[in-house]
Amino acid sequence: FQAPAYHLILEGILILWIIRLLFSKTYKLQERSDLTLKEKEELIEEWQPEPLVPPVPKDHPALNYNIVSGPPTHIITVNGKECINFASFNFLGLLNNEKVKSAAQASLKKYGVGTCGPRGFYGTFDVHLELEERLAKFMRTEEAIIYSYGFATIASAIPAYSKRGDIVFVDEAACFAIQKGLQASRSNIKLFKHNDMADLERLLKEQETEDQKNPRKARVTRRFIVVEGLYMNTGDICPLPELV
Amino acid sequence: INHIVHNGGLYKRPFNEAFEETPMLVAVLTYVGYGVLTLFGYLRDFMRQWKIEKCQNATEREEQKDFVPLYQDFENFYNRNLYMRIRDSWNRPICSVPGAKVDMMERVSHDYNWTFTYTGRVIKDIINMGSYNYLGFAQKTGACQEAAAKVLSQYGAGVCSTRQEMGNLDKHEELEKLVARFLGVESAMAYGMGFATNSMNIPALVGKGCLILSDELNHASLVLGARLSGATIRIFKHNNMQSLEKLLKDAIVHGQPRTRRPWKKILILVEGIYSMEGSIVRLPEVIALKKKYKSYLYLDEAHSIGALGPSGRGVVDYFGLNPEDVDVMMGTFTKSFGAAGGYIGGKKELIDYLRTYSHSAAYATSMSPPVVEQIITSVKCIMGEDGTTIGRARVQQLAENTRYFRRRLKEMGFIIYGNEDSPVVPLMLYMPAKIGAFGREMLKRNIGVVVVGFPATPIIESRARFCLSAAHTKEMLDTALKEINEVGDLLQLKYSRRRLVPLLDRPFDETTYEETED
Chain R
1 FQAPAYHLIL
11 EGILILWIIR
21 LLFSKTYKLQ
31 ERSDLTLKEK
41 EELIEEWQPE
51 PLVPPVPKDH
61 PALNYNIVSG
71 PPTHIITVNG
81 KECINFASFN
91 FLGLLNNEKV
101 KSAAQASLKK
111 YGVGTCGPRG
121 FYGTFDVHLE
131 LEERLAKFMR
141 TEEAIIYSYG
151 FATIASAIPA
161 YSKRGDIVFV
171 DEAACFAIQK
181 GLQASRSNIK
191 LFKHNDMADL
201 ERLLKEQETE
211 DQKNPRKARV
221 TRRFIVVEGL
231 YMNTGDICPL
241 PELV
Chain Z
1001 INHIVHNGGL
1011 YKRPFNEAFE
1021 ETPMLVAVLT
1031 YVGYGVLTLF
1041 GYLRDFMRQW
1051 KIEKCQNATE
1061 REEQKDFVPL
1071 YQDFENFYNR
1081 NLYMRIRDSW
1091 NRPICSVPGA
1101 KVDMMERVSH
1111 DYNWTFTYTG
1121 RVIKDIINMG
1131 SYNYLGFAQK
1141 TGACQEAAAK
1151 VLSQYGAGVC
1161 STRQEMGNLD
1171 KHEELEKLVA
1181 RFLGVESAMA
1191 YGMGFATNSM
1201 NIPALVGKGC
1211 LILSDELNHA
1221 SLVLGARLSG
1231 ATIRIFKHNN
1241 MQSLEKLLKD
1251 AIVHGQPRTR
1261 RPWKKILILV
1271 EGIYSMEGSI
1281 VRLPEVIALK
1291 KKYKSYLYLD
1301 EAHSIGALGP
1311 SGRGVVDYFG
1321 LNPEDVDVMM
1331 GTFTKSFGAA
1341 GGYIGGKKEL
1351 IDYLRTYSHS
1361 AAYATSMSPP
1371 VVEQIITSVK
1381 CIMGEDGTTI
1391 GRARVQQLAE
1401 NTRYFRRRLK
1411 EMGFIIYGNE
1421 DSPVVPLMLY
1431 MPAKIGAFGR
1441 EMLKRNIGVV
1451 VVGFPATPII
1461 ESRARFCLSA
1471 AHTKEMLDTA
1481 LKEINEVGDL
1491 LQLKYSRRRL
1501 VPLLDRPFDE
1511 TTYEETED
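So the protein lines, in turn, are chains R and Z.
Quick note on my numbering: the first sequence kicks off at 1 and runs consecutively.
Quick note on my numbering: the second sequence kicks off at 1001 and runs consecutively.
One chain only, chain R, in its complex shape (with noise of 0.2 Å):
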């Protein structure tokens, strides 16, 4: 080989350096603490964790609870005095009604009390799916579907629609359940004034603006306005005919 004293000293000096860079200690960015063992150990004895709940006084308010005894209907024995009922949520009345009550006992002598069972798996009962298809005459809608706990219900339907980066517009006084169901979909809340259609109008105007310095990301943000037909933090109708 014809090749110059220069080059072979750049090569004899870059293979030097590889040698020294495979056995020199790895370098670690971030200096973690290198505590001794002994130390960790004591870090270890030392913490103390708080108590898993705190203590709640004797006289909470939400503590003692009433205790109902026989049928919660329209009159309702409370800790043994006999009371009118003004706090259930029993707008109809069918608590005590006997058609339902000996619908419910045939069911149990055909079905059982439980599902033993998801939906999915052979937890669908032929009850199940007419159900669903008297309430989606009755609503007037294509189809329903039923759910087995009523907090669950807004509160798992939210997030199977509305993902990380979408947009919701809800009412202040959204009940608890709308409020979780918020939390768990991870989406950007907007919070509008209660039943106030101008302050709605006017978030929804200010999106719009947003929407078009950014087109790209406006085509994939989905929007939605969640509200309640009657409130349960207020007692107010939302209106239905301006919303739509």
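A few of these clues could be false.
Stated by the list, open to error - Derived CB-CB ranges, DEER-like:
| no. | chain 1 | residue 1 | chain 2 | residue 2 | range |
| --- | --- | --- | --- | --- | --- |
| 1 | R | 136 | Z | 1262 | 52 to 60 Å |
| 2 | Z | 1033 | R | 188 | 36 to 44 Å |
| 3 | Z | 1458 | R | 206 | 40 to 48 Å |
| 4 | R | 40 | Z | 1041 | 50 to 58 Å |
| 5 | R | 217 | Z | 1079 | 18 to 26 Å |
| 6 | Z | 1245 | R | 205 | 55 to 63 Å |
| 7 | Z | 1067 | R | 40 | 51 to 59 Å |
| 8 | R | 206 | Z | 1292 | 54 to 62 Å |
| 9 | Z | 1051 | R | 232 | 40 to 48 Å |
| 10 | Z | 1347 | R | 179 | 52 to 60 Å |
| 11 | Z | 1062 | R | 232 | 30 to 38 Å |
| 12 | Z | 1067 | R | 197 | 16 to 24 Å |
Simulated from the structure, these hints should not be mistaken for laboratory data.
Ideal Cβ placement from N, Cα and C applies to all residues, glycine included.
Fit chain Z to the known structure of chain R by using the hints.
What follows is chain Z alone, placed relative to chain R:
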């Protein structure tokens, strides 16, 4: 990997758990299968987009055509092209009590599973290996059902109010005292839905500044509860105590991620039986770790309560440990008790705190009275307080069924995951086409099974899951095993490379729980 552990005296009984590895050829063929399905999926999407083929999935109405689409095309790819092909294995409607045998409504599809029509015929007496009916309390006759009927006529079907308002019946108080006695804890509280018990009470116990260590394969309710609480979540490998110990050590020594402040508290979330793997948590080791590192333990016994243990009191009873060591014992009434709802048991301060601060007590309706009565009767039956030995006999029968079924399946050569004693038996299928084929073939032979694929399991590890019940007689199990053997030969499912020598059938007696056969 086969673990038979007698870890320094912590375990009183051998702990047999096995997760056989996927054979290499099967894994490669499964990936090839998914690849072919994906290609076909793209082809069908292309044809649907260019209107060569009719598009049958949900689309917006004409007036809303220029809204942003509700279902992103790509997210729904799996749904449209893979799930739709085998959709008839799920959501099968039944029309009788979900006991050991069910009647199923026959349904056909003329457009490849996009819509179903019911022919009106009923397929009778299908052996039910899919419902969570571990102790056989899903009955339409018997003491439980009669008691529930009486309470229904007396109290009505619902309550219409929350626990903290007018919804606390005397029945609820009775139920909670009984559950506390059954579990061996100071007090307990019951809720209307098992899923909601987790997702609404974990946020009440931990918050920002706390650490949650949860198992890899925890149920969606635990994951949702942990997310909603706002605490930091760290995941340790499934049932791996070394991974858990490493995480605990690192957490206490280094503190919170950036500020290095010490954690307020550490909560370990584990389940009693994991429903997709059939494995049982290594509870003695978890409790030893918990005591050493001063953290709190939240045990979710959704599947294991009633199903494990010599007296049916769950995984704590199975290992012979003290229930007071577990800080929060949670469970559901849906599976072994044939009702609905969940409970949390623990020390009195914990339950008092949950009575005031739990989201469910404040905002959600309480349990309905006939369901409460069903639970009360079934718990009394298991404890033996109703004067019969039905409860004890059922627990014993379930243990016998479990061991027999698992041993026979292993002898046939299938790959079965999980612990020897768990009544949840996953049988590995791996390939996507076999998922649908297994479900349909078993239904033709009058056996109802549950098959699971992605996303409930990792993509190549799809499986069929059998849930054994005390209501299954030996004849039913033998019939089922014969059919599974046939279908296994037909679909070539016998992947296992280890063969057990078939043993002579030994009669089961009091020594069942003292030693294991091998």
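| said: When the structure is checked against the list of hints, which entries are broken? Sort them ascending. | reply: 10
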